[in-house]
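Colleague: Below are the chains, spelled out letter by letter.
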Amino acid sequence: MLSIMPNIEDKTRPKISGLSRRAHIMRSLTCIVPLTILSLLVLTAIFAPWLAPHDPIKVSMTERRLPPVFMEGGSTKYILGTDHLGRDVLSRAIYGARISLSVSLLVIAITASVGTILGIAAGYIGGRTEAFLMRFTDISMSFPPLVLAMLLSVILGPGYITVVLALSVLGWAPYARLIRGEALRIRNSDFVSQARVSGASPMRIMIKHIFPNVINPLIIVMTMAVGFMILAEAGLSFLGIGIPPPDPSWGSMVADGRGDIDRAWWITTFPGILIGMVVMSGNFFGDWLRDKMDPRLRQL
Amino acid sequence: MADVILEGRDLKKYYPVTKGLLKRIIGWVRAVDGISFTIERGKTLSLVGESGAGKTTTAKAVLLLEKLTSGTILFEGKDVYRFSKSQLKTEYRPRVQSVQQNPWSSMNPRMRVRDIIAEPLVVNTKRTKGQIRSRVLELLDQVGLSPNQADYYPHEFSGGQRQRIAVARALALNPSLVVLDEPVSALDVSIRAQIMNLLKDLQDQYNLSYLVIAHNLATVRFMSHSVAIMYLGEIVEYGEAEELFERPLHPYTRALISASMLTLPEDEDKGVEPIILSGEMPSPLNPPPGCRFHTRCPDVQDICSKEVPEVRVIGQQRIKCHVYAEQ
Amino acid sequence: MTRFIIIRLLQTVIALIGIAVLIFVMVRLSGDPIDLLRSATSTPEEIENLQRQLGLDKSNLEQFWIFATGLVQGDFGESLLKRRPVADMIKDALPNSLRLTVPAFVISMVLALALGVLAATRRDTFLDNGVKFVAILGQSIPGFWMAIMAMLLFAVILEWLPTAGMGGPDHYVMPVGTMAFFMLPGMMRLVRSGMLDVLDSEYIKLARIKGLPERIIIWKHALRNAIIAPLTTAGMIMAGLIMGAVITEIIFNWPGMGRLMLEAVYARDFPVVQACTLLIAVMVLGMNLLVDITYAYVDPQIRYEKS
Amino acid sequence: MSDILLQVENLCTSFFTRAGEFKAIDGVSFYVREGETFGLVGESACGKTVTGLSILRLLPEPAGRIIGGKIILDGTNLIELSKKEMRAYRGKMISMILQDPMTSLNPVYTVGNQIGESVRLHQGLRDDMVEDEVISALRLLRIPAPEIRIRDYPFQMSGGMRQRVVGSIAMSCRPRLLIADEPTTALDATIQAQYIALFKDIQKQTDVAIIFITHDFGVIAQMCHRVAVMYAGKIVETAATSTIFKAPKHPYTAALINSVPHLDRKDDRLYSIEGQPPSLLNLPPGCRFAPRCHDVQEVCHQQQPPTVEISDGHSVSCWGVK
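Protein chains in written order, with the numbering used here: chain A, 2 to 301; chain B, 5 to 331; chain C, 23 to 329; chain D, 171 to 492.
If you are wondering where the hints come from, they were derived from the structure by calculation, not from laboratory data. None of these values were measured; they are calculated from a predicted model. Just to be clear, a hint being listed does not mean it is correct.
What the hints assert, rightly or not - Covered stretches of chain C (in silico footprint by chain A; criterion: 3 or more residues with CB under 8 Å from a CB of chain A, positions within the stretch not fixed):
#1 170-182
#2 266-279
#3 287-293
Where is the CB? At the ideal position from N, CA and C, for every residue including glycine.
With the sequences and hints as input, model every part of the structure.
Modeller: Set out below in structure tokens:
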């Protein structure tokens with residue numbers, strides 16, 4: 002009888018990539034390294050109280066601007082030195098991971114769910130609902146989040162909630178747009194009309210047929226958003242409209258050291274490197290995931 | 005009287021063409037414009053035509069994927085549009101199934117073959133998991149696939165195998181009528197014959213009725229008992245398949261057959277001239293007045309551009325053409 | 023074409039009204055608007071004046087009318103901090119911002135096109151990997167940190183460039199560079215991926231069949247199609263541009279819109295924040311309109327079908 | 171023979187991918203005479219398109235490579251030409267029509283622009299003369315009102331008209347060899363008939379040699395003088411068209427022709443070839459058709475059959491044919 006044969010139409014059309022073995026190894030490194038860094042970050046955030054050598058907000062005016070351990074005058078007590086108020090840079094950085102990560106994950110959870118639900122609904126229902134929703138999405142996407150954050154910060158006052166709100170209010174739009182496009186494509190696909198012929202209800206179609214087929218792009222975008230959100234929170238905190246002092250945020254730590262850049266470079270440098278490393282991990286991992294799961298989405 | 009399973013009476017589907025902010029309607033695309041046909045139990049009717057002729061719209065209307073502008077669809081004598089929601093769910097949907105053209109896109113890539121074939125059963129019946137499982141295996145066997153293939157995903161199959169899966173899904177609920185939308189045109193030549201034979205065998209075995217949508221005339225002749233030739237939303241010739249292929253009457257049918265004929269160079273030297281139509285099918289937005297085919301017809305007369313020809317019955321065939329007015 | 027522009031213009035106006043409503047509602051939801059609109063030193067008399075002016079005793083609809091007519095006439099009120107009409111302050115700050123934004127935009131645009139195209143046409147080579155790496159690096163490193171580090175290097179250690187402030191041409195190098203750094207990576211990636219998609223297409227194959235030299239294939243046939251997709255995401259680039267502008271002005275102490283706005287935020291000088299928000303919204307929407315027109319120019323299908 | 175325009179000898183092209191080497195074509199030989207139409211027929215992925223692209227040396231880089239053989243056009247081995255020399259051949263000496271008219275024209279330029287560019291490049295004409303040349307190219311493909319049509323964008327045209335524009339581009343410099351890759355597959359039956367009649371006419375006018383790639387035997391019958399049947403990267407049978415239809419010798423050719431339903435008579439059952447073509451990654455050591463062949467012998471599974479010329483111009487590669 003018939004046996005399982007490789008599907009010839011797909012496999013004999015060769016993928017156009019002449020990747021060498023070395024490039025192949027490099028490619029898998031772009032998965033492993035970022036994943037390790039991100040996992041470490043999550044662990045750091047969870048176990049911050051046990052890991053941090055000092056209280057991150059404890060001021061010590063006698064130990065201000067102490068250099069890191071490897072410099073002259075540095076000590077093992079403050080491995081990365083202290084800031085202009087004598088607070089331990091390392092401890093602040095460790096606690097900062099909590100803020101960066103929790104803001105980022107919270108915002109992604111909110112925006113991705115809202116965006117996915119609206120996107121699937123718009124894509125499947127179509128008509129005026131869709132037209133309205135999409136214009137709304139376009140406007141939201143072009144409105145700068147920073148300006149909204151400033152507005153909110155004046156009206157509500159700066160704080161954790163304000164930051165999450167500022168990033169969420171506009172952040173769902175890219176998800177909605179992407180998912181709508183995918184849902185639209187899937188809605189018009191033959192297998193959905195086949196499901197309708199079989200008598201499947203709209204709810205079943207949205208849950209069983211459309212949702213599983215948008216998971217890939219959704220995961221890719223969510224991964225890429227981790228870095229973006231961390232960066233956005235840092236930016237807001239740097240400008241002083243994010244997480245208010247004395248809570249440590251990487252962004253505000255960079256801002257704190259700005260005035261001391263000529264005499265205490267470490268206050269600014271270390272949190273900056275941290276942000277860059279984490280965001281880069283998110284980006285590389287997202288990139289790898291996209292190449293693996295859905296190269297069509299290169300535009301993202 | 006023959007046992008008619010489905011009848012379409014004067015079906016019309018117009019799409020509005022809108023303009024401007026207020027969506028003012030400035031015209032209608034007449035995708036299907038007053039066609040009638042019947043499908044007998046255990047028989048095959050084929051709708052043939054080029055793209056834009058309205059055959060796919062007709063098939064979608066039968067499957068209730070498109071709502072008609074006007075016209076009646078009778079299923080075993082009952083008006084489909086008068087069915088209540090629950091009647092549709094019990095009396096129509098499960099009994100009219102379909103197989104689509106493209107085996108690459110007609111299956112949810114995220115579902116296993118087992119679940120793809122089972123979906124109509126899950127949605128429409130209250131069978132237990134065990135009953136569904138045994139039914140799926142039975143179906144796989146009927147279409148010539150082995151039971152251990154049930155747990156694979158669609159992408160692990162070739163085009164021909166996928167089309168077999170699609171047939172199995174269509175048969176799951178023991179339908180009376182299956183709409184086959186270009187069932188083999190996406191497949192390779194050597195695979196087509198396998199699927200066409202399978203479809204014929206299943207028809208004989210279960211007394212299935214088929215509504216076939218196709219553009220390849222040779223396929224149609226092999227599959228059909230009766231044939232309707234469509235042009236610009238209308239049926240121009242309709243009759244028994246054998247009659248129609250042996251003695252095509254409408255100039256469009258003749259041109260279509262001529263274009264699909266296998267003519268070797270030496271046949272041409274013997275004077276078998278192919279009929280080449282001029283121009284292209286006009287837009288269904290502004291169909292030509294009179295006979296819609298007159299702009300390309302090799303036998304065009306004065307009257308053709310002025311009056312819409314009536315449907316005439318000649319022998320077993322129904323023709324819409326002025327040439328046969330006197331007969 | 024005209025019709026297309028008119029439709030877009032209408033949508034722009036609707037969006038603006040939406041933003042005005044949003045501000046109006048947010049202010050009222052957050053408590054007594056007077057709290058936002060008065061400074062700490064306002065006399066009771068001034069407060070009463072303000073209340074009358076806003077008609078706080080009147081219905082919400084009337085209040086909105088007063089608010090909206092004021093905006094249309096360019097009356098944004100008076101700064102609580104500086105006691106100057108907000109409109110005048112903006113008149114001073116806006117040109118300074120443009121002096122940074124425009125050159126930065128042009129530089130990053132040119133670089134993005136050149137590097138993006140080069141990377142795409144030399145796929146998987148050293149150059150391509152370099153561009154990819156720089157793009158990801160650029161999108162990962164916080165721009166504000168980068169700017170501070172540049173300052174440390176060029177102004178503090180090497181002393182080649184002035185630290186901050188407005189002045190001669192040397193004052194422009196770092197701020198413009200920083201801003202360009204904000205925009206470049208994203209645009210470069212978009213151009214590259216757009217090019218890669220287009221280079222796989224059938225019409226590029228046909229152009230090769232014609233025997234056209236690679237130069238014409240890339241710069242004539244591919245590029246124009248490749249920038250169509252990135253154009254649709256121009257809104258997001260714009261949002262990034264504004265973030266970049268504000269941060270750059272803060273770090274380099276540049277007296278532009280961004281600094282004006284942020285200082286107003288710190289001082290809770292609400293009329294200024296409100297005016298800046300609306301102005302930025304107008305500019306963003308205007309830019310989007312411009313992008314749409316460019317879009318229609320590049321893609322003939324839009325040009326013809328919507329007219 | 172002196173009138174041979176193109177001679178392809180033992181051409182091998184592979185794609186090198188992560189999964190391994192795909193031998194897309196493996197030792198293909200054929201020739202095309204001046205002014206004749208030579209058909210390459212086969213199912214999807216049999217290597218017919220790759221053959222066409224190999225002749226133009228336009229394989230997708232860097233994965234696709236010609237790894238052996240000769241392509242001699244009018245005395246010149248194309249494989250030995252430099253990239254620049256090859257470019258001068260494309261469009262001028264050899265041209266190609268792609269399958270899908272909807273995607274093979276650049277959407278953002280007018281058709282006049284797209285034809286004119288080829289004319290300007292290869293004929294070195296001044297701008298004012300280019301337009302005349304473009305109009306005459308459109309006229310050759312019988313596009314109505316060419317003076318107006320040159321200002322149209324592709325999306326303003328129907329599929330049939332676009333495919334004629336693609337034809338105009340291909341014929342604009344009067345090439346000597348035209349490779350047509352399924353040019354009619356995406357077209358409707360009556361439009362397809364028009365296109366084929368048109369090309370027969372153009373061939374009479376210009377004496378261009380055509381390599382016609384298709385999977386449709388009906389089109390082969392109408393269009394081609396000689397045919398080569400391909401299976402899994404090899405040519406299994408070459409003969410004059412009527413010989414292929416009336417006396418096919420290779421079991422694959424015979425099965426393929428028999429499995430197509432007839433239009434002029436009613437078939438009760440179709441002859442069918444069971445199974446699928448082999449994967450190009452993992453080819454059987456012997457004859458590639460052996461696993462599906464009805465007349466298979468012991469030797470078929472072990473050794474590849476030689477190509478034997480059984481009569482003038484009719485060669486077959488099958489152990490069953492002596």
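Colleague: Determine for every hint whether it applies to the structure shown.
Modeller: So, going through the hints one by one against the coordinates:
| no. | hint | verdict |
| --- | --- | --- |
| 1 | 170-182 | holds (count 5) |
| 2 | 266-279 | holds (count 4) |
| 3 | 287-293 | holds (count 4) |
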